[in-house]
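Novice: In order, the protein sequences belong to chains U and G. Just so you know, we're using our numbering here: the first sequence kicks off at 692 and counts up by one. Just so you know, we're using our numbering here: the second sequence kicks off at 692 and counts up by one.
No lab work stands behind these hints, which were simulated from the structure alone. Accuracy of the hints is not assured; some may be wrong.
One copy or any two copies: either way a pair holds, since identical chains are not told apart in the list.
To be verified - Keeping only pairs whose Cα atoms sit at most 25 angstroms apart, straight-line, the calculated SDA-like set for lysine to any residue is:
1) LYS745 with ASP1179
2) LYS838 with ALA998
3) LYS838 with ALA1002
4) LYS838 with GLY1128
5) LYS838 with TYR801
6) LYS745 with LYS1107
7) LYS745 with ASP1091
8) LYS745 with GLU1183
9) LYS1078 with ALA863
10) LYS1078 with ALA1120
11) LYS745 with THR1012
12) LYS838 with LEU966
13) LYS1107 with ARG995
14) LYS1107 with ALA1163
15) LYS745 with ASP791
This one's a predicted model, so the numbers in the text were calculated from it and none came from an experiment.
For reference, the chains in residue letters:
There are 2 protein chains.
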Amino acid sequence: MTRAAHEEPNVLRLRRLGIDTYQELVVFLEMGSPICRSEGWGAESRVLVTHREKSIVATLNVTTTTLLGPHEASLSEAAWHVLGVSEGDLVRLTHAPAVDSLSQVRAKVYGETLTAAGILSIVRDIVAGRYSDIDLAAFITAFAGTKVSVDETIALTTAMIETGERLYWGRAPIVDKHCVGGLPGNRTSMIVVPIVASCGLTIPKTSSRAITSPAGTADAMETIAPVDLDLAQMRHVVEREGACIVWGGRVRLAPADDVIISVERPLDFDSSTQLVASVLSKKAAAGSTHVVIDIPIGPTAKVRSIAAADALEAMLHAVGTALGLSIRVVRTDGTQPVGRGIGPALEARDVLRVLRGAADAPDDLRARSIALAGAVLEIGSAAQAGKGAVRAREALENGDALRKFEAICAAQGGMKEPVIGRLTHVVRATGPGRVTGIDSRRLARLAKLAGAPRALAAGLELHARLDTIVEADQPLMTLYAEAQGELDYAREYLAANPQVIDLEES
Amino acid sequence: MTRAAHEEPNVLRLRRLGIDTYQELVVFLEMGSPICRSEGWGAESRVLVTHREKSIVATLNVTTTTLLGPHEASLSEAAWHVLGVSEGDLVRLTHAPAVDSLSQVRAKVYGETLTAAGILSIVRDIVAGRYSDIDLAAFITAFAGTKVSVDETIALTTAMIETGERLYWGRAPIVDKHCVGGLPGNRTSMIVVPIVASCGLTIPKTSSRAITSPAGTADAMETIAPVDLDLAQMRHVVEREGACIVWGGRVRLAPADDVIISVERPLDFDSSTQLVASVLSKKAAAGSTHVVIDIPIGPTAKVRSIAAADALEAMLHAVGTALGLSIRVVRTDGTQPVGRGIGPALEARDVLRVLRGAADAPDDLRARSIALAGAVLEIGSAAQAGKGAVRAREALENGDALRKFEAICAAQGGMKEPVIGRLTHVVRATGPGRVTGIDSRRLARLAKLAGAPRALAAGLELHARLDTIVEADQPLMTLYAEAQGELDYAREYLAANPQVIDLEES
């Protein structure tokens, strides 16, 4: 070139403004810059940003003051990281090519059944970052209704596996366990994994952070040990201890899932199609062969009736079979939260109490973990049919599970005690009575208002269970927060929605 | 207060950074600022921003450099305008209240039928700016499928009327005319209005800007006369001339429509539910009593079959009746664009040729305008059944319609000649043949790539119609652009999609 690189109209120099727009990739240009004129761009245009061999598609925001010079551009923080650039680097900007797979989304919206190839094209474009947040919302909404066929769900799950990494462990069986969610406090994985591993099975557990709940397994585990391991570190832990409990997002298993979840979260959607695709794609990509799936059922859980559980189980089996996975569903009680804590650190504390055999360990968490671990031992052929729970209890009571958990934490980078929220408020019974209802969904919302899961130490601890009698002024729950605004907001919500815990005068 | 206002943690001073994020309202805060800590906010939080009595809900973006001080905030350009604030003003920031109507959107997604009250709550929240772009995309997708009932469509239309201004003209009938779109160049309104007004009917026409097409009536009219009139100015024009052709967005008729359209546009959705609700809410809110609706039918128009036209007409009548509107549907030929120009200025030029009786006026545009004006004259009782077209032709040929158009333009603020794109490229036939197909959708895309409608002067002009014979090298169309990048992009698209105009060797 005879001109300096940055004098080409399409090549600009990057300046870091440090604007964090969360997930959406944004590129900033000055409104009067030559490239805006020559390309005819305005706010909301979709722009291809290229640095050496790497490209991203970003939404254009224009600046109308002197933040940027005419030959400068900036990126949102997420875009900065994805493109892997530094202050002063040169980038080339061109029109983003049309995203062909969006016509598939449109077809789905208008009632058509998509082919496996059509669905794969959508998921490829999602993983490549070509979908704006608006496009993702349309895709999620289109697939959230009831009119998605089993074949489409199989195709979606397969596409989510194929567009990410796939792990192979060189042995079988590889067992796994997953809860479909909707039940606060149900952190059985952190107990099931060490029980099962101490009995000799291989269980490389990858978990999600919370989608719409106050805590995911990865969030709770993170209050005790590092979870952000890359693939090499994860393999090392599994080679050493036969198990791990890590955040799946780092090892790029079914990466479309995390992109989809980032828009599902503000939308507060949890459709069964996405649920099945999300769960099974992660399990299959992680190399699992035998999976136990816990489905809690209750009026305020995610699955609210036997009929809904039947439909979900059928879809899990249909898709699992197509993927070559052995699935065993265990239906559990979803009428009240499990354990006492709701929120990452508070739930982790319950887990440690169970593993340590503490006197104040929550009985229900302990019993569920034993039952689920027993099911895993059975499908992994480490216990005979009907004998799994007994073997699991033994491993828990003799300390094998605790020692295995400590070893896993050490292998993942070190173990610490979970830190609980420093601001508290005790909620007391207004009068004597029997606890006749506990609204899991409202409790989850309360814990989220208190700051969970973003504030790992926040949430609440229940002091009363269904059917117990309480006296006037007796503590029903304690709220924990790290920020005064969040504690206040939770208290306001409770004042406006007192029926989170129903008391009937006895 | 004993402390200075800006020292309260929730009160910050505004600095204008001039960032244009198009429609979405965004508030910027520095990551370490005290309010982020006390409220527990991070990127994507929804924040209530209050200045004196006015509030908006905005999405938070955090800055991680020294763009803003710890007690400062900034807003996206749209938010700046909506809130009506200036540099240095103080604003109070608090958590945005939960948007209850989103549970209605969720219910719709999962297959429920909504009540009128539920739909009104959604539309109220949309008009109040409480829906993020992601929420809007979910709403649009949920209502775009085929599972929306007539009652829901009536409820949506009614809600869109009730959440905006409603005009009353103190006389009847008030006639109106609307084309459902999908046919480039179909600017009959700009001819129908002066014809009808010159015959004594009152026709206060409010029009939209383009949604997914290369030009809307408001865009084309804007190349000749001001369209951005407020209500008082609009009334003045109608009092003087019995008619107007203005942009409806300024007078706050069915304001939910414009918010919805801003997300429909990038999604490229045009569902019949939204279409009926959009058209009839604007007409009813404008005070119309008798409306002629033009439905072009053709394989590449918006309505592609008789069956689809039947369904749309039935919905228009059902909803129109519920609203007390008299609707008359006129089905027209949608197999090729109308007139020669596609793009605001080029279509306006065609309109002026027809009104002026120029020798090169497009015959098809002229004939359609006469037919539609005739239908309006008949439903408005200014002509007997069957005699409307004759009366309309008379008003056009004797110059009454032209004089009325000039008077309307003068009353709206002045008349000028439309300015055409300065960069051109002539597309020529590759060999002799007969024109056997003209793809309206691809032509529209081509005009948009050339810059329409954002560049009013951009678009294309057709030189060949269906069934005509052309020679090798004969001009088929001319592309017009204002930016070299846009002209190039249009040419690339044409090279990759030569079948925009199909030629069969004869």
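Novice: Against the earlier hints, flag every one the structure doesn't satisfy and list their numbers going up.
Specialist: 4, 6, 7, 10, 11, 13, 14
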